[in-house]
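J.: Chains as they are written, first to last, in the working numbering: chain A, 1 to 165; chain B, 1 to 305.
The hints are simulated quantities; they were obtained by calculation from the structure and are not laboratory data. We put the CB at the ideal spot given by N, CA and C, even for glycine. Warning: the hint list may mix true and false statements.
For each label pair, taking beta carbons as the anchor points, the in silico distance ranges come out as [unchecked claim]: (1) Glu67/B / Thr8/A: 20 to 26 Å; (2) Arg212/B / Tyr140/A: 56 to 62 Å; (3) Ile32/A / Pro59/B: 27 to 33 Å; (4) Gly28/B / Ser2/A: 19 to 25 Å; (5) Ser268/B / Arg136/A: 29 to 35 Å.
Listing some non-contacts, in silico: residues in chain A with all C-beta distances to chain B over 10 Å [what the hints assert, rightly or not]: (6) Thr8; (7) Thr14; (8) Ile93; (9) Gln99.
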Amino acid sequence: MSQPIEFTLNGRATSVDAPAHRLLLDLLRDEIGVTGTKEGCGTGDCGACTVYLNGKPVNSCLVLTGELAGADVVTIEGLKEGDAYHPIQAAFIEDGGAQCGYCTPGMLMMAKSFLEENPDPTDDEIRFALSGNLCRCTGYVKIVEAVQDAAAELRRRAAEGRNNG
Amino acid sequence: MKRTEPLEFHQPTSLAEATRIMLDGGPGGHFLAGGTDLVIAMKEKGLVPRYVVDLKRIPSLSGIREEDDGGITIGALTTLREVEISPLIVGRYPFLAQSAAEVGSIQIRNRATIGGNMANATPSADVAPALLALDAKAKLAGSGGERTMDLKDFFRGPGQTVAEPGEVLTELHIPPRAPRLVGEYIKFSPRDMMDLAYIGVAVTLVLAEADRRCESVAIALGAVSPTPMRAPGAEAVLQGQVLTEELAEESGRKASEECSPISDVRSSAGYRRAMVRVNTKRALLNAAAGGGPVPWTSRRDRRHA
Ligand SMILES: Cc1cc2nc3c(=O)[nH]c(=O)nc-3n(C[C@H](O)[C@H](O)[C@H](O)COP(=O)(O)OP(=O)(O)OC[C@H]3O[C@@H](n4cnc5c(N)ncnc54)[C@H](O)[C@@H]3O)c2cc1C
Ligand code: FES
Ligand code: FES
Chain A
1 MSQPIEFTLN GRATSVDAPA HRLLLDLLRD EIGVTGTKEG CGTGDCGACT
51 VYLNGKPVNS CLVLTGELAG ADVVTIEGLK EGDAYHPIQA AFIEDGGAQC
101 GYCTPGMLMM AKSFLEENPD PTDDEIRFAL SGNLCRCTGY VKIVEAVQDA
151 AAELRRRAAE GRNNG
Chain B
1 MKRTEPLEFH QPTSLAEATR IMLDGGPGGH FLAGGTDLVI AMKEKGLVPR
51 YVVDLKRIPS LSGIREEDDG GITIGALTTL REVEISPLIV GRYPFLAQSA
101 AEVGSIQIRN RATIGGNMAN ATPSADVAPA LLALDAKAKL AGSGGERTMD
151 LKDFFRGPGQ TVAEPGEVLT ELHIPPRAPR LVGEYIKFSP RDMMDLAYIG
201 VAVTLVLAEA DRRCESVAIA LGAVSPTPMR APGAEAVLQG QVLTEELAEE
251 SGRKASEECS PISDVRSSAG YRRAMVRVNT KRALLNAAAG GGPVPWTSRR
301 DRRHA
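Use the sequences and the hints to build the structure in full.
T.: Okay, structure coming up:
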C-alpha cells in the first residue's frame with residue numbers, strides 16, 4: 001500500500017515511497033537514512049524525536065507518514081547555518097549541555113523554536129519549554145545555561161543586525 | 001516499541017466527505033486529529049484501525065472566534081497550544097488556557113487538539129473540567145445534519161461519547177458570560193509536568209458586586225468518575241451565599257461525596273476523594289481571590305497556596 005509521498009525535508013523537495021502507517025521517525029531514520037533524530041520512548045514522553053512539522057516542534061514518533069503530503073519537515077540536520085553551528089548548537093558544546101548526547105537533537109530543536117518565541121526567557125520559562133525533553137544523564141542545569149547563553153548570543157546578533165541595517 | 005500496522009489513509013477536505021468515507025468504510029475506521037491518543041493506542045494498546053480519516057485538511061474545523069453575542073467558538077481541530085496562547089482565551093478565561101497548557105509538552109500540544117481531548121473521553125482529560133465549568137456546548141455533524149448538546153451530555157463513559165458512526169465533533173462553544181466571571185483549574189498530579197491528573201478541579205464564580213454573594217457557581221471534576229463531571233451538590237452549597245473558608249470547605253466535602261473515583265495504579269479512590277475535597281476548596285478560594293489574568297505558570301504556583 002505504499003504510495004509516493006512528496007514533502008519538503010530540510011528545505012529540499014523529497015519524494016518517498018512509504019506506507020501511510022509508517023511513523024515519521026522511522027521514515028526519516030530507516031527509509032531516508034537521516035538519523036540525527038532519535039527514538040527514546042516512542043510514546044511522546046521524551047522529546048528525543050522532536051522535529052519541526054510545518055514550523056512547529058512535534059514528536060515524530062507520533063506522526064503517521066500518511067499525513068505528510070505537502071508538509072514541511074525540518075530535522076536536526078537542518079539546524080546548521082551552512083557550515084557553521086547554530087548558536088544553540090555552539091552553546092551546548094561550549095557549556096557541556098550534552099553528556100551522552102542522545103537527548104541533544106531533541107533539546108536543540110525544542111530550544112531553538114522556543115527562543116524564537118521568547119528571546120529573553122527566565123530559567124523557569126526554559127524549564128517549562130523543555131519539560132517534554134528528558135535527559136537521562138540529568139544534565140538539566142547545564143542545558144538551561146546553554147539555552148541562556150544561546151539566547152544572549154541570538155539577542156546580540158539581532159541587535160547587531162538592527163545597528164547594521 | 002511496537003510499530004503501527006498497515007492501514008488505509010484518507011484525507012477528506014470537507015465534513016460531508018469525512019462522514020461519507022466513515023459510513024461507506026464501515027467498522028474499523030477512526031478519525032484522526034493530532035494522533036496523540038490514537039497513535040498511542042495503536043502502539044501501546046493493540047488498536048489496529050483498518051482505515052483512518054484525517055480531519056486536519058478540513059479548513060472549517062479549526063480556529064478560535066468570538067461570536068457577536070460574546071460567546072466563544074473553538075473549532076474541534078484547534079490545537080491545545082493554540083488554546084493555551086490565544087489572547088482571547090488567556091484574557092477572558094485564563095484558567096481554560098492553563099488547563100490546555102497542563103497537557104503533555106509543547107510538542108504534544110502542537111499536535112493535540114481540543115476536540116481530540118473531548119472525543120477521546122478520558123476521565124482525566126485536562127481541558128474538560130474548565131469547559132464544563134463554563135457550560136460549554138459540543139456541536140456534532142454527521143449524516144443526519146448538525147446537533148448541539150451540553151458538553152456534559154457528550155460523554156458517555158471512559159473512552160465513549162454519544163457520537164454516532166461518521167459523526168464528527170466540530171466545535172466547542174462557550175456561551176456568553178458575566179464579565180466578572182472568575183475561575184480556577186487545579187490539576188493535582190504527582191509531577192509538575194508531563195503527567196496525568198490524580199484529580200482535576202475547575203471552578204467558575206460570578207460574585208455580586210455589592211455584597212460578593214455567589215450569583216453563579218460551577219464546579220467540575222476530572223479523573224474521579226467514568227466521565228468528567230459537574231458537582232451540583234457542591235455548587236448548591238454556595239449558590240447565593242457569601243464565600244467563606246468554611247463554606248468552601250463544606251462545598252469541597254460535598255464534591256468529594258458526589259464523585260465516584262476508582263482505585264488504580266495512579267491513586268486510590270480514598271486519596272482521590274480527599275484530594276477533591278481540599279482542591280475544590282483551594283480552587284474556590286483562589287478563584288474568589290481573583291487577581292485578573294496572570295501567566296498560567298504563576299497561576300499554577302497557586303495550587304498549593
Ligand atoms: C506524552 C503524552 C502526554 C499527554 N498528557 C496529557 C495530559 O497531561 N492531559 C490530558 O488531558 N491528555 C494528555 N495526553 C492525551 C492527549 O494528548 C489529549 O487527549 C489530546 O487532546 C488528544 O487530541 P488529539 O487531537 O491528539 O486526538 P487523536 O489522538 O487524534 O484522537 C483521539 C480520539 O478522538 C477521536 N477524535 C478526534 N477528533 C475528533 C473529532 N473532531 N470528532 C470525532 N472524533 C474525534 C479519534 O478518532 C480518536 O478516537 C497526553 C498524550 C501524550 C502522548
Ligand atoms: S521517542 Fe518520541 S517522544 Fe520519545
Ligand atoms: S545527554 Fe545523555 S540523555 Fe541527555
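J.: For the hint 27 to 33 Å, verify it against the beta carbon of Ile32/A and that of Pro59/B.
T.: Holds, since Ile32/A and Pro59/B (Cβ atoms, about 30 Å apart) stay within the stated range.
J.: Just double-check Thr8/A for me: nearest Cβ-Cβ distance to chain B has to come out over 10 Å.
T.: 17 Å, holds
J.: Taking C-beta pairs only, is Ile93/A more than 10 Å away from all of chain B?
T.: 24 Å, holds
J.: The hint says 29 to 35 Å between Ser268/B and Arg136/A; measuring C-beta to C-beta, is that right?
T.: Distance hint for Ser268/B, Arg136/A holds at roughly 30 Å.
J.: Taking the beta carbons of Arg212/B and Tyr140/A, is their distance inside 56 to 62 Å?
T.: Taking Cβ atoms as reference, Arg212/B and Tyr140/A lie about 44 Å apart, which means the hint is violated.
J.: Could you check the hint for me, namely that Gly28/B and Ser2/A are 19 to 25 Å apart, CB to CB?
T.: 21 Å, holds
J.: Taking the beta carbons of Glu67/B and Thr8/A, is their distance inside 20 to 26 Å?
T.: 37 Å, violated
J.: According to the definition I'm using, a residue is off the interface if its beta carbon is farther than 10 Å from all beta carbons of the partner; does Gln99/A meet that for chain B?
T.: With a cut-off of 10 Å, Gln99/A remains clear of chain B, as the shortest Cβ separation is near 21 Å.
J.: With d taken as the least Cβ-Cβ distance between Thr14/A and chain B, does d exceed 10 Å?
T.: 18 Å, holds
Checked against the numbered hints above, the structure breaks hints 1 and 2 and satisfies the rest.
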